[in-house]
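Asker: Chain residues, written in single-letter form:
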Amino acid sequence: QSALTQPASVSGSPGQSITISCTGTSSDVGGYNYVSWYQQHPGKAPKLMIYDVSNRPSGVSNRFSGSKSGNTASLTISGLQAEDEADYYCSSYTSSSTLVLFGGGTKLTVL
Amino acid sequence: QVQLQESGPGLVKPSQTLSLTCSVSGGTISSGDYYWSWIRQSPGKGLEWIAYIYYSGNTYYNPSLKSRVTISVDTSKNQFSLKLSSVTAADTAVYYCARELSLSYYFDYWGRGTLVTVSS
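These protein sequence lines are chains L and P, in that order.
Using this note's numbering, the first residue of the first sequence is number 1, and each one after it goes up by one.
Using this note's numbering, the first residue of the second sequence is number 1001, and each one after it goes up by one.
Because the hints were derived from the structure by calculation, they are not lab data.
Every value quoted in this text rests on a predicted model; they were computed, and no experiment measured them.
We treat Cβ as the ideally placed atom computed from N, Cα and C, and that holds for glycine.
Among the clues, some could well be false.
Stated by the list, open to error - Here are some chain P residues pointing at chain L (derived, C-beta under 8 Å):
#	residue
1	V1012
2	P1014
3	S1031
4	D1033
5	P1043
6	Y1054
7	P1063
8	G1111
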């Protein structure tokens, strides 16, 4: 069982918006602004999409946004496109000795 | 553009030691701005951070694997390496090397990953 909890799957139609949640505890997501999100297409390496809760690396579309409330972080993708269909993972710093935690991943299907 | 490339055997026998190397190009491991990590992904499962190393040799290991893991760096070759001992089928995974901006706890560049299967 992954330390951060994500829904197994979400879906949306092209042009719509979807949100993926990532729930942790006050020792990780809720306690620090070190939440990041990764996109992974089949057979490919993960790609950083969001860091420090809501910052986008250069080159990442502004259709991707991140936020946090309490112990839950969220990734929102607006204006869904077919190319957004992928697995998405959240990650967080943790004050435990594990240092870095990942979520179990969410499969996004664009209908 | 920074690129990372994993290399090593794709098949390891149970109880033996898994050894992988990550070659870094387009940047210098010894720049001091980054930590260098290994992360794995078991088939059909999520990601698990294994360990990181700083160019000076400072290391940090995931406690769940610490007793079996060694990470090392060779700045002259711009490479860092992973050794995982006493492997079992549970260690079968795609192993990624990745770069982390110093203690930022996110990974901005990843290798393409290498599948290591533990089987006799």
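Asker: The structure should be examined with respect to each hint, and the outcome stated for every one.
Answerer: These are the hints, each one checked on the structure:
1. V1012: 21 Å, violated
2. P1014: 25 Å, violated
3. S1031: 18 Å, violated
4. D1033: 15 Å, violated
5. P1043: 12 Å, violated
6. Y1054: 14 Å, violated
7. P1063: 5 Å, holds
8. G1111: 6 Å, holds
Against the hints set out earlier in the document, violations occur for numbers 1, 2, 3, 4, 5, 6.
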